[in-house]
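Protein chains in written order, with this note's numbering: chain P, 2 to 470; chain A, 2 to 470.
For the record, the hints were derived by calculation from the structure and aren't laboratory data.
Heads up, a few of these hints could be off.
Distance condition first, Cα-Cα at most 30 Å in a straight line; then the derived BS3-like pairs of lysine-lysine [claimed, not checked]:
#1 P:Lys152 - A:Lys125
#2 A:Lys54 - P:Lys243
#3 P:Lys444 - A:Lys121
#4 A:Lys87 - P:Lys128
#5 A:Lys105 - P:Lys121
#6 P:Lys89 - A:Lys263
#7 P:Lys444 - A:Lys128
#8 P:Lys89 - P:Lys223
#9 P:Lys127 - A:Lys444
#10 P:Lys128 - A:Lys445
#11 A:Lys80 - P:Lys57
#12 A:Lys243 - P:Lys54
#13 A:Lys87 - A:Lys105
#14 A:Lys445 - P:Lys121
#15 P:Lys128 - A:Lys243
#16 P:Lys223 - A:Lys57
#17 P:Lys147 - A:Lys147
#18 A:Lys57 - P:Lys80
#19 P:Lys336 - A:Lys444
#20 P:Lys445 - A:Lys87
#21 P:Lys445 - A:Lys105
#22 P:Lys444 - A:Lys125
#23 P:Lys342 - P:Lys121
#24 P:Lys121 - P:Lys223
#25 P:Lys87 - A:Lys57
#26 A:Lys127 - A:Lys223
#27 P:Lys57 - A:Lys89
#28 A:Lys152 - P:Lys147
#29 P:Lys127 - A:Lys445
#30 A:Lys121 - P:Lys468
#31 A:Lys128 - P:Lys445
#32 P:Lys57 - P:Lys342
Where chain A lies over chain P, by a calculated footprint (3+ residues, C-beta under 8 Å) [claimed, not checked]:
#33 266–273
#34 331–345
What you are looking at is a predicted structure, and each value in this text was computed from that prediction instead of being measured.
All C-beta atoms, glycine included, are put in the ideal place defined by N, C-alpha and C.
One letter stands for each residue in the lines below.
Protein chains: 2
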Amino acid sequence: MVPVRSDAFDESDALRRNSLHDRAYSRPRGKNAPLKTMKTPATAPILRIVPVKSLKHPDVRAITSREPSPSPEITETVKAILADIKSKGHAAALAYARKHDGLKGPMAVSQADIKAKAAKLDPKVKKAIRGAIANVRRFHSLQQEKSWSFKGRDGETLGQIIRPLRRVGVYVPGGAGTYPSTLIMNAVPAQVAGVREIAVVTPAPGGIHPSIAFALQELGIKEAYRIGGAQAVAMLAYGTAKVERVDKIVGPGNVFATLAKKEVFGTVDIDMIAGPSEILVLADDSADPDWVAADLLSQAEHGSGYEAAICITTSAKAARWIADCVAQQVEASPKRAILEKSLRNFGRIYLVPDWNLGCALADAIAPEHLEIITRNPDALSARIRNAGAIFLGPYSSEPVGDYFAGPNHVLPTNGSARFFSPLGTYDFYKRTSLIRYSPQAMKKHGPLIAALADEEGFIHHAQAVRKRL
Amino acid sequence: MVPVRSDAFDESDALRRNSLHDRAYSRPRGKNAPLKTMKTPATAPILRIVPVKSLKHPDVRAITSREPSPSPEITETVKAILADIKSKGHAAALAYARKHDGLKGPMAVSQADIKAKAAKLDPKVKKAIRGAIANVRRFHSLQQEKSWSFKGRDGETLGQIIRPLRRVGVYVPGGAGTYPSTLIMNAVPAQVAGVREIAVVTPAPGGIHPSIAFALQELGIKEAYRIGGAQAVAMLAYGTAKVERVDKIVGPGNVFATLAKKEVFGTVDIDMIAGPSEILVLADDSADPDWVAADLLSQAEHGSGYEAAICITTSAKAARWIADCVAQQVEASPKRAILEKSLRNFGRIYLVPDWNLGCALADAIAPEHLEIITRNPDALSARIRNAGAIFLGPYSSEPVGDYFAGPNHVLPTNGSARFFSPLGTYDFYKRTSLIRYSPQAMKKHGPLIAALADEEGFIHHAQAVRKRL
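All chains, full assembly: derive it from the sequences and hints.
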C-alpha cells in the first residue's frame, strides 16, 4: 500500500507499440459517456495489450515479485532507531519523532484536541465514516469465535480458550495524506475481537487531521500519539516509561515502519507486510470499458509506481476499448504522471484465448483485489482459488470494499493471497489449549504415551507418565 | 524445540547456595516412592529456590528473552544455500542434501520403502501412533471453518470464502532422534483443513525410521524427501523441476532450517519460529513433588541447555521437596549432564507470597506449557491469560499433550504466548472476501464512498464510484 522504493524498475519494453492496438475501432454503447470512434493514438499506449497463451508468460513472475528490496542503508537506520529506543526509552522515541516526523509539541494527542478537530469535519464525511464503521463492525462480528471444550470418553476434558489480545497498536500512515479508512479497518476487527486497549500512532506533525480525530471519537479510542516510522514501531514494541508495550502492531506504514515491523516480529506479533496495491479485472465485452478503466486507475493512483493494474479478457475488442478509456482518463487526470508511471510499469491487458487460461492466470497472479465484470461472474469466481477479495459484477467497484462495504481492506499483496488472508477478527485472538486428564484416562493411555516418548528417546517424558501409572 | 546455540549463556549465579535450601526437612507422604528425610546436600542445589516478591524480578526478563541469536556466519551460510537452490534448482538441492545431510541414494522416499520400514515398527508404538492420530484429528476437527455470506438490506452480498491451502510442506527433524509426533502434529491439522498435498522433508541419511514410515502410511502421505536444513526449506519454498513449491512450510528444524524459514517468509507462509521448550508448574503442597520434578525434567531433557523448567509455589515446604526430588531424579538419570545444564541455566523454583503474584508471574513468563497442580486448579487457570497450553490437575502431565491427548504440541515459546497461538486447523485455511454490490446499494451509498475517497485524496477511487452513479 505504501511504496518501498520507486526507482528500481524500468520497463522500456512498455514503450514498444502493441500490434493489436494498431487498428481504428469503435466503442460499444456503454452506460456512460460513450467514446467517439478514435484513431490509433500516435504515441504508444499507456496500457499495453499483451496476448498470453500460456501460464509460463514471464509477466506473471514480474507481477508477483515486483516489490523491490529496501537499501541496506535504510535497514541499518531502522535497526539503529530500534536499538536506541529499546535501550533509552521514551526520550529517544520523542527525539526521533521531532527529528524524523517533524513533531512539535506533545506526542500524546489530548482529548480536547480530538474533540475540537473532530467538530471541524464535513458532515458528509462524518456520515460516511459512521456508515463505514457500522458496516465493518457488522461484517467482522461474523468472524467472532468462542472458547470451547468437550469431555472425552475416559473422563478427560479437552478444549481451547479463545481470548482477545490485551493491547494492540495501530499504525495510521500520515505525511502527505490522511487515512481514516486505515484506522477503521485496523481498529474495528480488534474491537470486535474484544481488544480493550488500542494505541494509535500516526505521523501528524501539524496536529491530527479532523477525519482521524472524528474516527477516533466514533471508535472510542482515547490513546493516540503523533509519531511515525521506525520510532513509532519501536515505542509500541518495546514500550517506554510513558507508553506501555503492545502485543501486536497492525497497519501499513512507510518503508521505515514496514522494516521496523519485520524486525520486531516475535517481540510482538504484526499483521502482514503490505506491499504496493494490486487490482486485476476479469472483463468481457459486456463490461463497460469506461468503468473498468476507472477501476484500474483507482489502484494506479497510489503513487509508488509499483501498483499493478491488470485486466484479463477474452475479447480483443474489449481489450482495445479498455486501453482506450484508460488513455483518455489518464490524459484528463491531474495525477497523470503518477498514473502513467504505474501503468507503464505494471499495467497490462492480457488477452487470453479462453477463461480456462484467464482464471489460471488470475490464480497465478493471486491478486489483492479481483473484479469480475463478465456475463456470468459467479462461474468465473468459482474457478478462482487465490485472491484477497473478489468483487462480483459491474457495481462492485473496488473502492466499495476499500471504504465502506464491510470486509477488510487490509489484503494480501504480491501473490501472497496464495497463502495469506484479509485482516480479520481472527487476527486479534490468541488461543490456549486446555487439557485435563483423568486418572482413568492416564491409566488407560499412559502406557501408550510412554511408549511413544521412549520411541523418540525422551526418557524423562516417559518417566513423568509412568510415575502416574 | 531445537537449540539455536548453546554456548551463549553462562549463569554462574546458579552456583550460589540458596539460603532457603539450608535446612534439613522431610517429605510428605506422596503417592509414589516417598523420599527419606534428607540432609541439605553438600553441593549447590541443581534447581534454585528463588523468593520472588515482585514482577520486576530480573529473572522474568531472562526467561522470556533467553533464546540466543544465531551467528552471522550461519546466517550467511543459510542465505547462500537459499540463493543457490533458487537459481540452480533441484541439482543444487540434491548436492546440499548429500553434503550437509549425508544423503546417499535417492532423495525421494519410495512407497516400497515406506511399506517395508513401517512393517518393522513395534506393535505397541503402532497402536500409540494410531491412537494419537485419532485424538489429534478429533480435536482439530472442532477447529474446522466454513465459508459464509449474507445479504445486506440494499441487496448487496458480503461474505468470506474459506479454503484450505493447496500444498503444504512439513519439516520433520531428524539427525539424532526420530519424531513421529512432529509429523502427526503438523500434518493432521493440515489434513483436517482439507489440504490435499502434503510434502514431508526430513534429514534421514540412513533411510527413514520405521515410526516415521508408519505415521506416513497411517496419514496417507505419499510424498516424502530425505533432506533437511536450509536446503529442504529452499526446495519447498522455491520449488524445483522435481518438487513443486508449497504454499506453507511448518515444523521445527535445526538452526539452519529455522533461519531459512524466516528468510523465505513471504515467498511462502510459515508457522511460528519454535524456540527452546518451556514448562511452568504452579504447585502447592498438595502436589506430589516427585511428579512435579518429573514434569520439570521432561522439558529439561531436550538438550539445548536453553529449556526453561520453572515451578511457582506459595509453599516453602513444597519448594524444598520439589528441589530435592529434582536433585534425586537428576542424580539417577542417564541424561544427567544435559539436565543439569538446562536446570542450572533456566530451571527455577519461585517462591511467592500468594497466588496473586504467582499468577501474574506466570502471565509475565507466558509459558509454552503451564501445569497447575494445586488444590483448586480451575481457580488459578481462570486468572491466567498467557500460556500455549494449560494442563490441569495432577494427571495432566505435559507429555500427555506432547503425544496423545489431541491438542497440538506446536506451541508458542519465549513469552510469545502473549500473542501467538498453538498450531491449529485455522493455520491451514486462507480466506477470500466476497463483495457483490447491487445497483441499489451503489446508488444509496456511492456518494458517501466517493466522499471518503475524496477525503483521503484518492480522486480516481472516487471517480470509479461516481461513474456508476
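Going down the list of hints, with the structure as the test:
Note on Lys152 (chain P) and Lys125 (chain A): the hinted pairing holds, with a Cα-Cα distance of about 26 Å set against a maximum of 30 Å. At roughly 24 Å between alpha-carbon atoms, Lys54 (chain A) and Lys243 (chain P) fall within 30 Å of each other, so this suggested pair holds. With a C-alpha separation of about 27 Å, the suggested pairing of Lys444 (chain P) with Lys121 (chain A) holds against the 30 Å cut-off. Distance check on the hinted pair: Lys87 (chain A) and Lys128 (chain P) sit about 51 Å apart at the alpha-carbon level, beyond 30 Å; violated.
Between Lys105 (chain A) and Lys121 (chain P) the alpha-carbon distance is near 73 Å, which puts this suggested pair outside the 30 Å criterion. Distance hint between Lys89 (chain P) and Lys263 (chain A) is fulfilled; the C-alpha atoms sit about 28 Å from each other, no more than 30 Å. Of the pairs offered as hints, the one joining Lys444 (chain P) and Lys128 (chain A) holds, with about 16 Å between alpha carbons and a cut-off of 30 Å not exceeded. In summary, the hint linking Lys89 (chain P) to Lys223 (chain P) is supported, as the alpha carbons are separated by about 26 Å, within the 30 Å threshold.
For the proposed pair Lys127 (chain P) and Lys444 (chain A), the alpha carbon gap of about 19 Å is at most 30 Å, so the pair holds. This hinted pair checks out: Lys128 (chain P) and Lys445 (chain A) have alpha carbons roughly 13 Å apart, not beyond 30 Å. A threshold of 30 Å between alpha carbons decides the hint, and for Lys80 (chain A) with Lys57 (chain P) the separation of about 27 Å falls inside it, so the pair holds. In summary, the hint linking Lys243 (chain A) to Lys54 (chain P) is supported, as the alpha carbons are separated by about 24 Å, within the 30 Å threshold.
As the CA atoms of Lys87 (chain A) and Lys105 (chain A) are separated by approximately 22 Å, the hinted pair is consistent with the 30 Å bound. For the suggested pair Lys445 (chain A) and Lys121 (chain P), the alpha carbons sit about 25 Å apart, so the restraint of at most 30 Å is met. Taken as a hint, the Lys128 (chain P) and Lys243 (chain A) pair is broken in the structure, with Cα atoms around 57 Å apart against an allowance of 30 Å. A threshold of 30 Å between alpha carbons decides the hint, and for Lys223 (chain P) with Lys57 (chain A) the separation of about 28 Å falls inside it, so the pair holds.
Pair hint Lys147 (chain P) plus Lys147 (chain A) holds up; C-alpha atoms about 15 Å apart against a cutoff of 30 Å. Taking the CA atoms of Lys57 (chain A) and Lys80 (chain P), the gap is near 27 Å; set against the 30 Å cutoff, the hint holds. About 26 Å separates the Cα atoms of Lys336 (chain P) and Lys444 (chain A), which keeps this hinted pair within 30 Å; it holds. Between Lys445 (chain P) and Lys87 (chain A), the direct Cα distance comes to roughly 50 Å. Violation of the 30 Å bound is thereby established for this hinted pair.
Taking the CA atoms of Lys445 (chain P) and Lys105 (chain A), the gap is near 42 Å; set against the 30 Å cutoff, the hint is violated. This hinted pair checks out: Lys444 (chain P) and Lys125 (chain A) have alpha carbons roughly 16 Å apart, not beyond 30 Å. Only pairs whose Cα atoms come within 30 Å are accepted, and Lys342 (chain P) paired with Lys121 (chain P) is rejected, the gap being roughly 36 Å. A distance of roughly 18 Å separates the Cα atoms of Lys121 (chain P) and Lys223 (chain P); the hinted pair therefore holds under the 30 Å criterion.
A threshold of 30 Å between alpha carbons decides the hint, and for Lys87 (chain P) with Lys57 (chain A) the separation of about 17 Å falls inside it, so the pair holds. Proximity of Lys127 (chain A) to Lys223 (chain A) is assessed by CA-CA distance (about 18 Å); at most 30 Å being required, the pair is judged to hold. A threshold of 30 Å between alpha carbons decides the hint, and for Lys57 (chain P) with Lys89 (chain A) the separation of about 18 Å falls inside it, so the pair holds. The hinted pair formed by Lys152 (chain A) and Lys147 (chain P) meets the criterion: a straight-line CA distance of about 24 Å does not exceed 30 Å.
A threshold of 30 Å between alpha carbons decides the hint, and for Lys127 (chain P) with Lys445 (chain A) the separation of about 16 Å falls inside it, so the pair holds. The suggested pairing of Lys121 (chain A) with Lys468 (chain P) holds, with an alpha-carbon distance near 29 Å, which does not exceed 30 Å. Straight-line distance between C-alpha atoms of Lys128 (chain A) and Lys445 (chain P) comes to about 13 Å, which keeps the hinted pair within the 30 Å bound. For the hint linking Lys57 (chain P) to Lys342 (chain P), the alpha-carbon distance of about 25 Å falls within 30 Å, and the restraint holds.
Counting residues of the stretch 266–273 of chain P whose CB lies closer than 8 Å to any CB of chain A gives 3, which reaches the minimum of 3, so the coverage claim holds. For the stretch 331–345 of chain P, the stated coverage by chain A holds: 4 residues have a C-beta nearer than 8 Å to a C-beta of that chain, and at least 3 were required.
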